[in-house]
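Peer 1: Given next are the chains, with one letter for each unit.
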Amino acid sequence: MQRASKKLAMILVVVMLFTLAVGCGKKTEEGTAKTETRVLNVSMALGESEWEVMKTKVLPKFEADNNVKVQAVQTEAADLITKLEAMNKAGKMEIDIITQDNMQLAQLVDKGLVEDLTEFKSSIPDSILPSLVPVGEFNSKLFFMPYRPNVEIDFYNETKFNEYGLEIPQNWDELLNVAKTFHEKEGLGRVAVKGTLDGNTTVQLYEFIRQAGGDPLVLNDEGSVKAYEYLKELWPYLSPDTARADWNTMNKYLATESVYLGANWPFGVNVIVQEGGKENIKAFGGFAGPVKASKVLGGEVIGIPVGSPNKDLAVKFMEFLMSKEVQEILVTELGWPASRGDAYGEVDEWQKPYFKAVNDALKVAEARPNVIYWDTVDKALNDALREITMEGKDVRETLDKHAKLIEDAKK
Amino acid sequence: MKTAPSTQKNTKLDTSYKPKQDYLDRFLKVGFLPITIFFMFIILIPIYILVKVSVSQPVDVLTQHPTFLIHNFTTSHWEKVLSSGNLIPAFSKSFIVATATTILAICIATPASYVISRLPKKIKYVIVLGIFFTKMFPNVGIALPISVKFIRWNLLDTHIGLVLAHLIEQLPFITWILVGTFEVIPVDLEKSAMIDGATRIRALWSIVLPNAAPGLAVAAMFTWLNSWNEFTYALYLSLSTNTLPLQVYYYVNRGGFFPMATYATILMVPVLIVTYALQKYIRSDYLGGAIKG
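Each protein sequence line maps, in turn, to chains A and B. Sequential numbering from 5 applies to the first sequence in our numbering. Sequential numbering from 17 applies to the second sequence in our numbering.
Below 27 Å or equal to it, Euclidean Cα-Cα: the simulated DSS-like pairs (lysine-lysine) are:
#1 K315(A) - K115(A)
#2 K115(A) - K165(B)
#3 K165(B) - K315(A)
#4 K236(A) - K397(A)
#5 K165(B) - K96(A)
#6 K59(A) - K96(B)
#7 K96(B) - K61(A)
#8 K151(B) - K93(A)
#9 K397(A) - K383(A)
Hints in this document: simulated from the structure, not taken from any laboratory.
Let the sequences and hints guide you as you build the complete structure.
Peer 2: Following this line, the structure appears as structure tokens:
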């Protein structure tokens, strides 16, 4: 009994000391740091190898030039919105500058979480690719600066294509033929479209519609009808993994060779080829539709959260990220396509074919329009796909129904 | 006097069902081991796959038909994770937060539960219901307003902030467990101790708490595991240093198969240790001797 009491007493002492340590230790450290140099809190969403380049080759230069410490934190695009919202509501913004996926900007603007940067529009370098600027504009105001263009490329299993004597598809007919051949030879579809019926699928639907000359914001025009009719024909020959294929799982399906052809963002190159050692997985820029080739322009933009405690420094950092020097580092070290026309870099030998695929795709990339009713468009595109391909409904009737919903949302 | 004949009667009745009992007994005797092994296998397979991926070369894993056994063993994924510099801060943050949450939760909930368990039935019922009421709201729904408060109080990116946030979630749960534990400890035990000269506090420390050890162990284990695996508050309240589940989430998001498996294995190891360390206290017959007397 005495032993039990002693143990409990010990635990209590430990708790008190512990609470003291964890409660006070960190604050003192922070306090000391703040008095010495200014700290710029930067939020980015990067992979491990990307962080290494950022922390060793990009940030130190800015720190030295401006006598500041850059504290970079990893925040995924979707989590950034909730974090900024919490900080904004608390009235204590702890992040000075963000780089954010350009597919997830509307909520940041809608919730009033980012600064209007229109007054800094003149600081966008002339050599920045013109198509990147409208991505950051909402209602004629500039909320985000261009930083990194990105585009989905089509990954394919070279071994399997060679085995069945197939060429990479250049148009819809060839794509259908490839899908049919794999299905016939292996008894299972091996071509996948991202079919999770969310933002992942929207990107691919947007591309199919644009390739057929349609407008996703209209949805029942001739191009859209053609795109959905084609998808209805293609659907039975697709891989069963299609239903679960998103930007993350697509890498797994390609790497484990359950899918032989599928589109994904170029970060898949690091996961599948560099880390996974699957050198037989190659990539190309994509296929064209009956009207043209078209890809969705993705990537990241720079924003400054409302209430940023170091806005002046954040603006400097924003200009630094758009500079030729930084863009060239990003091209050379990471194989990212540059956001400016005058930034050149030499990528590693193994990266070259993939880098070419990215650049080919970028040539036909189009920015998605920033409309406040995008959520309705997103839902309409996916619901229409489900009804047409999975439930076998009539293409025109279904698209008319969903086009009306978009029209209503526009009002 | 009355008991003996009825026992005899029961024995007779039991004999009439002998063939059925024999069949069931035989089935259990024969089937117990294979069934146990089968379910153990089902439970352990995902853990094995996780560990296997973390020590296999890509050629073993990234194929249409991955092999069950490890053919190309490698420690490179572990070396990368261990040398990345991301593991120790995340691990220590998770460990400190989970341990502090557990100790504080036990210190707060133990006396509270004891008092509740000794209250009249009706009042106790209302209080337990009230405790459960706080668990009715999903974390994702209340995490934002709570995090807003915590950020205002400068608790963003601090251990203590996360500990307090985890306590919000854990306290009602372990209080409920401990109320059940204290309820079954007979009040007569305390009274006997007090008759023997012990004060109320002494009776509590020396009689009630040791008898409540299994319940305390379960409560501590659950709290530690829940805090160790907690995600929502960690996401809101972490900035420069992630917890280990956030680190795993990061690799899931980045699609890295091997670091993800390695981090998930690392996440699992302390769970195994804590569970093993505390499971010896979980004994159903703990009160047997006391109640007999």
